[in-house]
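Visitor: Go ahead and model the full structure; you've got the sequences and the hints to work with.
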Amino acid sequence: MNNKLLTGLRTTKIEISVYFFVWITAIIYSIYKFSLSCADFFQDHIDEYGDFEEGVPFLSAKRDKADFEWESVLYFLNFIYPWGILHLFITEFITNVISL
Numbered sequence: 067m068n069n070k071l072l073t074g075l076r077t078t079k080i081e082i083s084v085y086f087f088v089w090i091t092a093i094i095y096s097i098y099k100f101s102l103s104c105a106d107f108f109q110d111h112i113d114e115y116g117d118f119e120e121g122v123p124f125l126s127a128k129r130d131k132a133d134f135e136w137e138s139v140l141y142f143l144n145f146i147y148p149w150g151i152l153h154l155f156i157t158e159f160i161t162n163v164i165s166l
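Be aware that the sequence shown starts at 67, since it is given in my numbering, and climbs by one per residue.
The hints are simulated quantities; they were obtained by calculation from the structure and are not laboratory data. Just so you know, even glycine gets a beta-carbon here, dropped at the ideal spot from N, CA and C. Fair warning: there could be bad hints in the mix.
Ranges between beta-carbon positions, derived for each pair [stated by the list, open to error]:
(1) Ile164 x Ile97: 40 to 46 Å
(2) His153 x Asp113: 39 to 45 Å
(3) Thr161 x Tyr98: 39 to 45 Å
(4) Ser96 x Leu152: 29 to 35 Å
(5) Tyr115 x His153: 39 to 45 Å
(6) Thr157 x Asp106: 43 to 49 Å
Guide: Here it is in structure tokens:
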């Protein structure tokens, strides 16, 4: 390929830093708006059946303990997480050390 074409396609470190900053800011803003809406909802909500328990302390949001799908996904992720990390290390070892 043409070297000028490749140079034009590369993003600079400044551009990547700006994208990263905007991305992090958007995530923090979304979490903030979510915690505000949860606080507004639970301010007037009467939990008759005891379906909610305290969630993450700094978000002031309550957690739905009847959400068994999420519990199943968390169990699966906790089970598969160590194997994913092991897979990552083995592949990096094979590509960087053995293929020399």
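Visitor: State for each hint whether it applies.
Guide: Tested hints:
The hinted window of 40 to 46 Å between Ile164 and Ile97 holds, with their beta carbons roughly 42 Å apart. At roughly 42 Å, the beta carbons of His153 and Asp113 sit within the given window of 39 to 45 Å. Hint check: Thr161 to Tyr98, Cβ distance near 40 Å, so the stated range 39 to 45 Å holds. Checked against the hint of 29 to 35 Å, the pair Ser96 and Leu152 passes, with Cβ atoms roughly 32 Å apart.
A hinted range of 39 to 45 Å for the beta carbons of Tyr115 and His153 is consistent with their spacing of about 42 Å. Taking the beta carbon of each, Thr157 and Asp106 are about 46 Å apart, inside 43 to 49 Å as hinted.
In summary, the structure agrees with every hint in the numbered list given earlier.
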